Amino acid sequence: MSELDPRDELVTHLPALRAFALSLTRNRATADDMMQDTVLKAWSNMDKFEAGTNMRAWLFTILRNNFYSSRRKLNREVADVENVFSDTLSVKPDHDGRLQMADFKQALSQLPDEQREALILVGASGFAYEEAAEMCGVATGTIKSRVNRARAKLTELLHLDEDEALELTDTATIAVVGNPGLPA
Amino acid sequence: MASKEDPQKARRDAYIDQNLKKVFSELETDEMPDQIMDLLTVLRAQDEELKAKK
Chain A
1 MSELDPRDEL
11 VTHLPALRAF
21 ALSLTRNRAT
31 ADDMMQDTVL
41 KAWSNMDKFE
51 AGTNMRAWLF
61 TILRNNFYSS
71 RRKLNREVAD
81 VENVFSDTLS
91 VKPDHDGRLQ
101 MADFKQALSQ
111 LPDEQREALI
121 LVGASGFAYE
131 EAAEMCGVAT
141 GTIKSRVNRA
151 RAKLTELLHL
161 DEDEALELTD
171 TATIAVVGNP
181 GLPA
Chain B
1 MASKEDPQKA
11 RRDAYIDQNL
21 KKVFSELETD
31 EMPDQIMDLL
41 TVLRAQDEEL
51 KAKK
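Line by line, the protein sequences give chains A and B.
If you number the first sequence the way my numbering does, the last residue is 184 and the count never jumps.
If you number the second sequence the way my numbering does, the last residue is 54 and the count never jumps.
Fair warning: there could be bad hints in the mix.
[Said to hold, decoys possible] Under the rule of at most 25 Å between Cα atoms (straight-line distance), these lysine-lysine pairs were calculated in the DSS-like manner:
| no. | chain 1 | residue 1 | chain 2 | residue 2 |
| --- | --- | --- | --- | --- |
| 1 | B | Lys54 | A | Lys153 |
| 2 | B | Lys54 | A | Lys48 |
| 3 | B | Lys9 | B | Lys21 |
| 4 | A | Lys153 | B | Lys22 |
| 5 | B | Lys54 | A | Lys144 |
Hints listed in this document are in silico derivations from the structure and should not be mistaken for laboratory results.
Nothing here was measured: the structure is a model prediction, and the numbers come from that model.
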């Protein structure tokens, strides 16, 4: 069991928390405001954090509650969306890979917030469906449904359902996917 | 009833998840904004101050 002071542990989760904030808000200024609120709330409520439980999940929950609460107050989806995904485009192995990643980020940004959130929590952050459901305050089935709908939408937007889609781009795909351990 | 997942769908899902991880990993390397680092400095200083008073 970790003997790390919870306030020190909090700092280790900040890069992931910021990635989550950016993926949820798609706006740097909004993400930074959400981060600031979350850190402040978590720090001042550290006595409420149960040692031995998942601090990352706790921080993500505070942040996403802030986000949806703020969105409700503003009565709109998201203010001033910028494409933070394309901003972070870095060096990729080749032209095809770069194009594919740009397309992927573009498609990801088109998902409804709740679907993108569920997909990020389960697909990128590695939370179990049950954990993601608890964080979002919904039933496990709802998270599964959101993830399935998000994947279906990405499949449609990226034309992944065309038989050749993944085959034709194998070099770039392998560069990104590695070895998924699935039948070709 | 247990259903066997379509291998093509599994492959697409794996492709999506790996790309998601890559996007998320890129976002994680984004520089931490000064306002967060400044906030942490203030919070730590406040804690030290409280400890000293005790």
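Comparing the hints with the structure gives:
no.: 1; hint: B/Lys54 to A/Lys153; in the structure: violated (57 Å)
no.: 2; hint: B/Lys54 to A/Lys48; in the structure: holds (21 Å)
no.: 3; hint: B/Lys9 to B/Lys21; in the structure: holds (18 Å)
no.: 4; hint: A/Lys153 to B/Lys22; in the structure: holds (19 Å)
no.: 5; hint: B/Lys54 to A/Lys144; in the structure: violated (49 Å)
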